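Just need the whole structure built from these sequences, with the hints factored in.
Its first residue numbered 468, the sequence shown is counted upward by one per residue in my numbering.
Since the hints were made in silico from the structure, they are not lab data. There could be a bad hint or two in this list.
The calculated BS3-like cross-link candidates involving lysine-lysine, where the alpha carbons are at most 25 Å apart (straight line), are [claimed, not checked]:
no.	residue 1	residue 2
1	Lys-540	Lys-513
2	Lys-546	Lys-483
3	Lys-542	Lys-513
4	Lys-542	Lys-478
5	Lys-546	Lys-513
6	Lys-483	Lys-542
This one's a predicted model, so the numbers in the text were calculated from it and none came from an experiment.
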Amino acid sequence: MMEAAVEAGIKNENLKIALEPETASIFCRLLPVEKMIEGGGMTSFKPGSVYMVLDAGGGTIDITVHEVLSDGKLKELHKASGGAWGGTQVDEAYRQF
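Structural data, given as structure tokens:
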């Protein structure tokens with residue numbers, strides 16, 4: 468993937484490659500999901516929050532669990548993992564049934 472990006476003209480120093488469940492977790496950490504008591508607005512996960520991201524795709528399901536640390540960084544509690552249990556596998560099991 469890195470070679471293809473470089474061939475496409477993306478400079479190596481501007482390129483980061485990460486696993487999809489991990490990048491989804493980082494994105495979800497910044498989503499406004501908890502209501503604030505004052506002001507009626509929204510805020511992202513607070514330090515100490517633990518959350519799980521489940522990526523249920525066509526071929527696979529991937530899961531990762533992170534905790535938000537006091538400095539705003541994330542601690543990986545469960546390494547990104549999964550298996551071939553996605554929607555296409557469910558479709559095939561249904562057809563066989």
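Each hint tested on the structure:
1. Note on Lys-540 and Lys-513: the hinted pairing holds, with a Cα-Cα distance of about 11 Å set against a maximum of 25 Å.
2. For the proposed pair Lys-546 and Lys-483, the alpha carbon gap of about 19 Å is at most 25 Å, so the pair holds.
3. Proposed proximity of Lys-542 and Lys-513 is supported: the alpha carbons are some 13 Å apart, at most 25 Å.
4. With a C-alpha separation of about 29 Å, the suggested pair Lys-542 and Lys-478 falls outside the 25 Å cut-off, and the hint is violated.
5. Proximity of Lys-546 to Lys-513 is assessed by CA-CA distance (about 21 Å); at most 25 Å being required, the pair is judged to hold.
6. Under the criterion of a C-alpha separation no larger than 25 Å, the hint pairing Lys-483 with Lys-542 is consistent with the structure, at around 19 Å.
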